[in-house]
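So the sequences go chain by chain: A and B.
Anchor point for the first sequence: position 263 equals 263 in this note's numbering, and the numbering is continuous, going up by one each time.
Anchor point for the second sequence: position 244 equals 244 in this note's numbering, and the numbering is continuous, going up by one each time.
Hints should not be assumed to be uniformly reliable.
[Unchecked claim] Interface residues of chain A toward chain B, partial, derived using beta-carbon atoms under 8 angstroms:
#, residue
1, Asp-200
2, Asn-209
3, Ile-219
4, Thr-220
5, Pro-254
These aren't lab readings, by the way, just hints derived from the structure by calculation.
Beta carbons are placed, not taken as given, at the ideal position from N, Cα and C, and that holds for glycine.
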Amino acid sequence: MAEPLTATAGNGSRAKSVDIYAPQWRNFLFVAPYLFIFAAFLVFPLFWGVWLSFHKADTFSSGRFIGFDNYVRLFRDGIFLQSIWNTFYFVFLTVPALALIGLFLALCLNRQTRSAAVLRTLFFSSSVLSVTIVTLIWRIVYIPDMGLLSMIYGFFGAKAPAFLSDPDLAMIGIAIATVWWCIGLPMMLFLSALQQIPQDIYEAAALDNANRWQTLRSITLPSIKRTFVLVVIIQIVFQFQLFGQAWLMTKGGPNNLTKPIVLYIYNTAFQRWDIGMGAAASEILFLLILVAAMAQFLLTRRKADA
Amino acid sequence: MTASIDINKVTKQFGSLTVLDELSLSIPANEFVVFLGPSGCGKSTLLRMIAGLESVDAGEILINGERIDNQPPGQRGVAMVFQSYALYPHMTVRDNMAFGLKNISVERSVIDARIAEAARMLEIGHLLDRKPGQLSGGQRQRVAIGRAVVKEPKAFLFDEPLSNLDAALRTRTRIELAQLHQRLKSTMIFVTHDQIEAMTLADRIVVMNNRKIEQIGAPMEIYNRPATRFVAGFVGAPAMNFLPVKIRAEGGLVVAESGAGLRIATAIAAEGLPGGDYELGIRSEHVRITQPAPDAAEGIVDVLERLGERTLVYVRLGDGHQIVGSDSGDSRVAVGDRVGLAFEGAKAHLFEAAGRAWHGQEGGHG
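Chain B with its partners taken away, still in its complex shape (with noise of 0.2 angstroms):
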């Protein structure tokens, strides 16, 4: 069983403070959306809404067209997992799984079914007589999931599921999660403020961020074609480089100039762009490092990131700004060096005084 999710001008206050704004999105069967964003951007909070454990202030949640929010939770067939996991301490792990169910008078035989095949999906079955207190922090994980797949709900909601997780667990619970969703082909909505969790789990990607939506998307839609300035900031690590730019027309085109004698020859068309103030935005991999040459930008390196397959490299410019670069992963650079920088003017993008991006090659503004 799987749903179509749809937002309609959804409002939330908590006194006099506003944390959703008319908020609209629409979510198709079987998507998986992650709610990215940062704290308090009231992700969490639309999550809550659509699980019935926040109330809606004004506008409304239909689930399959059908009108939910005045619904009480357990009535709207969708199923969450919690960041604490929230398993019932007293209840053995079967029991955790069962209660929901047993709550709606499900037969015995239906449910221990389905209890066995969540247990062998997510491999938990040795663990069916435990409680909760006697399970590591990733085995609680996978009954909490395991608690919302025997429901065979509409839609999954998952807050924040990873954050209590370490680094190496809660690597392989996404992978696992992509498999999950595949393999039942339902609904699911996702929060987190972690982008590598977004990039990698999600259809679409919802970035919110102080009451709104900034931008809905594919994830490479996100990286390449970031709505705002906010989204070209918050997604992507490091944070795409910004520079304060005049901007002139060459040939149709937009030709970039900083403070700093930089000079960078972009592929956004000039045609229809306001006037105004700009910021330049080009995200590091798009940076060279390359030996310092008379015609080229430089600078000086002030620190060294060293990843592995690469090299980041943060440059301080003559006009003291700093660009961040990427060179080769065994780059012989070292800090306190003269170094060129070659942009890919091409990946270029533009920004507004207001935040609004403008990319090169197709055209237009996202």
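One chain only, chain A, in its complex shape (with noise of 0.2 angstroms):
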């Protein structure tokens, strides 16, 4: 073993060239924490959720096999058929005004004055705020008779709409304190990807004869695609994961409107205890998160390719 570096000629063994790029598998220690967390906390449930909802699965045992049966229940229940609705319904509300809000929050506060980095940390402070936070204050503001919004409604003389028990309104009320929550994160990525865009392309489209308009549609929106498209699924993927804010508002109420699919998976499993079932519906939910994610990969391909 302990050869020295300079072998002879005439010891006749060749020497053994040691490829220092090889792996060296006692690095494997340093990832082994986190990959064990991560097998025992991620790979592990999602399988076993899997296997659940192919059972008749209850608190006390995991129950028989039974096949398709929860997803053939499933799909014959009106509440989940309704709760899948109202879930897209809640991201069409959610996500494209996250987006366009958020764009449009930016292009204003993109600048180097206090009044704008204010504006910043205001718009931003929404985010930091609880689920519980949040709802409680839109309650506030939503009461009948004496809530912020009737205040104002008032003031001009007329009578606040009942957003949370309307059945019309109760999910646009809901969206509308998801925005005011969300709308931090949207806004700081289309910030940062607005100030990535170069000076002087902006000084080039002056030179050409750019108005503001065309800069905006030609220049810096072209320039922020990525993000945009980043923005729109990285909502996607939170907003159908729709849960606090409609447990806490409406109970998922009036009559199932506002239920959204993760409420139907805990009012199912944890509150009618049949776990299969609620299993079956997160596998559900997974696929539609699973395609939506999905898109995003292709989406940016794509443009990469371009």
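Assembly of the complex is requested from the two constituent chains, each provided in isolation within its own frame, with the hints serving as guidance.
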């Protein structure tokens, strides 16, 4: 083993060169702690969930294998179908609003002034609140007869709509609170994208006679297209998982019209203790989000090719 | 289309810092003018003020006699080539070139014709459907020039456009720019800190330093008759030799004597020369290396720079001053040798302590 580095020609053995780039398996130890947690709390539950969804499971036992029965029951359950529709409706209400308002705020606040800095902080500050605080604030806003909204309506001599109890408005009410809560992240992502556009491109555009609109359409927006896609996909994945606001503001009512999938899963698995069916509903949600994530992957890859 | 540009007493301040101080300059149509100066002398700021990218704090800028410093950049009729090229990264080369024309609603057929012509001239026809990210530095440079050419501007503004290119490409592009100017016959303003670019490209050079213009003149005029000590030291490589001297009149001409026993008869008229301290300036090509001789100046060789066609010899004089002289390309001189120096006094300049220059032969000062 302990041969001298300057091997002499006389000993007959060929000097064995060591590949310094060969993998060193002991380095695996550095990632092992994370890998263990990743496997135990993400990979294992993922497969356990799939397994549960094929069984008639409750709190006391994992029950017997029933094939696709849970899925069949799900799609025969009007409330589940309603919750899928509700979730899509909520995503449709919030994601475009978050992307467009976030972009608008970023465009307005992308300047080096004191007031812009203050406003950036202000708009971002709602993001640090917990869902409990956010829903508390908005329930106070929406309270009939004495909330902020009815005060404003009252100022103009009108009566505020009952946002959280009107079947047509309840989801919109939750969506407004959600946009208010979540607007910070899209705004910050857009701001950082805007700040990476080199200034000289704008100077070239000014010399190219581009007015404000042409500059926005031809220079700014194409430069932040990737960020726009990113914001939309992040928000789709986020908003598909609506739970806290719906649970705390309307409990899914009126008449299940604001019950999202996650709330349905919670009701089924942890209130009716039908864990197998709850797991099946979770898998459906997982598939929906997976499709959204794949869409991001495909979209951004196509951008990179272009 | 081409235009004259007049700059009248233009001042620019950034906060309390004055960058340009009551600067005036007149550029006739078709001229290729180079703003030359060290970093921070305000040359780029002046160019950007002509382009409209910086405001003018006082004074006025006119193109073809029309005041433009209150107009937005796009309406001044100038095109600019940026140091970083500033191409629109998401647009193809064709769209980059068309953008400025589309914005002022030029007809599609006219745009296509102009792009085709510029692409042919700059040999970028095969790149038209690529995006800037797929081009090399030199190709991007051509596209940036093409984008300026298609606008058929009254004047071209170049902001150090060659400084991001490698040495070989820089030389080639320099020659192409000169050809472009001959072909387009347009007013061009070129900003650089590279004196070789300035000497080779310019009809006239504007040497700038410290908020103001030091000298305006044709390249050889700047080189042979620098108006100030700054210009003399800044233009030319290696830099001009400077020696503190005492002056004396002999037959109406100045004889300069330095501490090292050096005595140089110049062609500068002694009459009218104010008193005070002087520096003698002489370029290395006017200092020949000779065999040491009893009546000639001499020194020890410090450093040799062999340039091929000639050799620069850095000689330490007896009083510690260093003089750069030149010898033939196959010079046998070695470091440490004792050599003689033959000064071509007729080519020497004198500089007052305040920097003003006095030249020989034709007499007077620049």
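Do the hints match the structure? See the list:
1. Asp-200: 4 angstroms, holds
2. Asn-209: 3 angstroms, holds
3. Ile-219: Hint on A/Ile-219: holds, closest Cβ of chain B at ~7 angstroms, below 8 angstroms.
4. Thr-220: 11 angstroms, violated
5. Pro-254: 47 angstroms, violated
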